[in-house]
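Engineer: Here is what each chain is made of, one letter per residue.
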Amino acid sequence: MQSIHMQTNWAEKNLQTIRTLMERSAVYRRALAPIMLFAGMLGILAAAIGLIFHLDSISSFCALWLSTAAVVVVVAFLNTRLQAIRDKEALWSPPTRRVAQAALPPLFSGMFFSSAFLFVGIYNLIILVLMWLFFYGCALHAAGFFMQRSTKAFGWIFIGMACAAIVILICLPTSNGATTMEFDRQCPYWLMGFFFGALHLVYGTYLYLTEKGKNAA
Amino acid sequence: MNQEPFLQLDRVIHEKGRLAIMSMLAASPELSFTELRDGLGMTDGNLTTHIKALQQEGYVSVAKSYQNRRPLTTCSLTASGRKAFTEYIDLLEKIVRQNKYK
Chain A
1 MQSIHMQTNW AEKNLQTIRT LMERSAVYRR ALAPIMLFAG MLGILAAAIG
51 LIFHLDSISS FCALWLSTAA VVVVVAFLNT RLQAIRDKEA LWSPPTRRVA
101 QAALPPLFSG MFFSSAFLFV GIYNLIILVL MWLFFYGCAL HAAGFFMQRS
151 TKAFGWIFIG MACAAIVILI CLPTSNGATT MEFDRQCPYW LMGFFFGALH
201 LVYGTYLYLT EKGKNAA
Chain B
1001 MNQEPFLQLD RVIHEKGRLA IMSMLAASPE LSFTELRDGL GMTDGNLTTH
1051 IKALQQEGYV SVAKSYQNRR PLTTCSLTAS GRKAFTEYID LLEKIVRQNK
1101 YK
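Protein sequence lines correspond, in order, to chains A and B. Mind the numbering: the first sequence is residues 1 to 217 in the numbering used here, read in order. Mind the numbering: the second sequence is residues 1001 to 1102 in the numbering used here, read in order.
It should be emphasised that the hints constitute simulated quantities derived from the structure, not laboratory data. Honestly, I wouldn't trust all of these hints.
In silico DSSO-like pairs for lysine-lysine, Cα to Cα no more than 30 Å straight-line [what the hints assert, rightly or not]:
no.	chain 1	residue 1	chain 2	residue 2
1	B	Lys1064	B	Lys1052
2	B	Lys1094	B	Lys1016
3	A	Lys152	B	Lys1083
4	B	Lys1016	B	Lys1083
5	B	Lys1094	B	Lys1083
6	A	Lys88	B	Lys1083
7	B	Lys1064	B	Lys1016
8	B	Lys1083	B	Lys1052
9	B	Lys1064	B	Lys1094
10	A	Lys88	A	Lys152
11	B	Lys1052	A	Lys13
12	A	Lys88	B	Lys1064
13	A	Lys13	B	Lys1064
14	B	Lys1064	A	Lys152
15	B	Lys1052	B	Lys1016
16	B	Lys1094	A	Lys13
Note that the structure is a prediction, hence the values are computed from the model and not measured.
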């Protein structure tokens, strides 16, 4: 009788271990390169539009970048959907679900805190951009646990650079006059263009060169 | 209890380390040697020994290539490996089920 119980317990434990290992092993493997390259190109385009057309108000800045993000999300969704159809796999696979679950809290926090900042009247675009960078980096890092390892490193770049930029801004001697105003006006677009444009292009190129042929979620 | 399912378990997969390797490979099209080693916390030597045993049984195929000019070893389950793993899981479930219905 004891042997029967031992065998059953052992079998149950083994099944649990197998399940855990299978879940850990199933990482998100869909091709990210096209999405990253598209995001990078759109990021640079949006930054150029902002700089050329002097979209200096906080509302036009937010409208421009939120619509850019929306376009990227829609294109990323369509791209992933196409890949899933091509590979005859479910779109909402367990790895996709885990990536979404990991990335959602930092992305939500970013949206919540930036809305709260604007609500209480802190209309500083540079602080807003750095906050977006920081939370986006956190989202990438969290999602990176269920994706290829380089995603975590990419997330750390955003977090580290956002923190470094905050330190630099604190230490930067403030001066009055036109130079500071011009800096305040242009800096957010340069930051967004660099991080969400150029960095995504670089990472997309890296992924394009390193991603393997078989992409499965 | 019917002892049969327990006795039918595949002895090659039955070993803890090899079962872990098979479980990880079953959930992924292929995994690199490094991914397996890091995921399972095994030493290089231990993992190599287990993979060789599974390869000899025809359960795992190993491919060697280059990525960014660095050698890359990837492992994947063969069709017979996947079949053996499924049968192993079925037997485990059978053992659990049998005792529950007693």
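Engineer: Determine for every hint whether it applies to the structure shown.
Structural biologist: Against the structure, the hints come out as follows:
1. B:Lys1064 x B:Lys1052: At roughly 14 Å apart (the allowed maximum being 30 Å), Lys1052 (chain B) and Lys1064 (chain B) satisfy the hint.
2. B:Lys1094 x B:Lys1016: holds, 19 Å
3. A:Lys152 x B:Lys1083: violated, 35 Å
4. B:Lys1016 x B:Lys1083: holds, 18 Å
5. B:Lys1094 x B:Lys1083: holds, 16 Å
6. A:Lys88 x B:Lys1083: holds, 21 Å
7. B:Lys1064 x B:Lys1016: holds, 25 Å
8. B:Lys1083 x B:Lys1052: holds, 19 Å
9. B:Lys1064 x B:Lys1094: Violated, at about 38 Å.
10. A:Lys88 x A:Lys152: Within the cut-off at roughly 28 Å; holds.
11. B:Lys1052 x A:Lys13: Given pair Lys1052 (chain B), Lys13 (chain A) holds - Cα atoms ~26 Å apart, limit 30 Å.
12. A:Lys88 x B:Lys1064: holds, 27 Å
13. A:Lys13 x B:Lys1064: violated, 34 Å
14. B:Lys1064 x A:Lys152: holds, 26 Å
15. B:Lys1052 x B:Lys1016: holds, 15 Å
16. B:Lys1094 x A:Lys13: holds, 14 Å
Of the hints listed earlier, those the structure fails to meet are numbers 3, 9, 13, in rising order.
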